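Q: Taking the hints into account, I'd like the entire structure generated from these sequences.
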Amino acid sequence: MKTSKSGHHLFVGLAGRLGALACVLFGVSLITFTITFFAPGDKAAAIAHARYPDTQSFAPEILEGIRQEFALNEPFFTQYYLWLSRFLSGDFGNSFASNVPVWEIFVSNAAETLTLTLTALVLGLICAFFLSAIAVWRPGSLADRFAVALASIGAAMPNYWLGLLLILFFAAHLNWLPAYGTGTPAHLVLPAITLAFWVTASQTRLLRSFMLEAKAAPYVETLRLRGVSEREIFFRHVLRHACVPALTMIGLDVASLLEGTVIVELTFARGGLGSLLAGSILTRDYPMILFLVLFSALVYVILNTLIEVVQDLLDPRKTFLGRHRAASSGGERP
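End of the sequence shown = 514 in our numbering, gap-free, step of one.
In short, the hints are calculated from the structure, not lab data. None of the values given here were measured: they were computed from a predicted structure. Cβ atoms here follow ideal geometry from the backbone N, Cα and C, with glycine treated the same way. It cannot be assumed that every hint is accurate.
Beta-carbon label-pair distances, calculated as ranges [to be verified]:
id, residue 1, residue 2, range
1, Leu-210, Trp-283, 18 to 28 Å
2, Leu-210, Ser-436, 18 to 28 Å
3, Trp-283, Ala-449, 16 to 26 Å
4, Ser-269, Ile-211, 20 to 30 Å
5, Gly-363, Pro-255, 17 to 27 Å
A: In structure tokens:
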């Protein structure tokens, strides 16, 4: 009886999360489709100019043929239903600009963005952990003040401005690294540093705050009275308790990195999803815009869900997994 109740509790929790995910994606798709539907300008003309950029004007018959091809003459809800039904069946449509399937274009650009994002995230988290650990080890020291100052500067500095400074110094002045493009590891260095600096600034402030809070907890003094070394207290207790709330902010930073790559990829003229989204907006490539926006929303929701599950594994009191453990271990009566 106890097992069945705990299993039902876990199923309800998982179903609730999946239902919330579906509602978020539906709402995002509806809002994005509404914006693209009521955007000013003639969509047929935009598609024609994207396909034939050298042509200045088009015959009415050509524009009407494009409207028939993409059902642009249909009312709003009909167009949304047609697009949503195809999307749910795995048909994400073709790009208005190139008439190539949206999925193929996405896959060819996703690797560049993923490489940049993961490199910046790993580099930024390593630097943030190092700075915050030194700062917390001796609060008020010169290292602590340096970490706080660096985090404040990084939080106030826009990505594009830092990127331009790096280009000016390392590419234009020293000629050590390429200023734009992709293809070699050297092209990754400056964009990754630009994004990593923002991650370092964001996570240093948070990790320092969480570590100081955990270090000031009453149980830490109890551990000292029992003779536990400061090193063991820091790594086994303070760091672990500080990482639980920090995981949520790391997940948000990953989602923000996907947004930050738009500016960084444009600044360094890199290929990737950021440049693809910006180009799609300029050319009014609505199938590509809808897919990229829904992909960003999906990544954001999934990351937050995974972060909550990891938090729960570290702290069983958190969410439905913790309640499931309590139920299966006798927290709920049969």
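Q: The structure should be examined with respect to each hint, and the outcome stated for every one.
A: For each hint, the structure was consulted:
1. Here the CB-CB span from Leu-210 to Trp-283 is close to 22 Å, well matched to the stated 18 to 28 Å.
2. Distance hint check for Leu-210 and Ser-436: the Cβ-Cβ separation is about 24 Å, which falls inside the suggested range of 18 to 28 Å.
3. For Trp-283 and Ala-449, the Cβ-Cβ distance of about 25 Å falls inside the hinted range of 16 to 26 Å, so the restraint holds.
4. For Ser-269 paired with Ile-211, a C-beta distance near 22 Å keeps the hint of 20 to 30 Å intact.
5. Evaluation of the 17 to 27 Å hint for Gly-363 and Pro-255 yields a failure: the beta carbon distance comes to about 46 Å.
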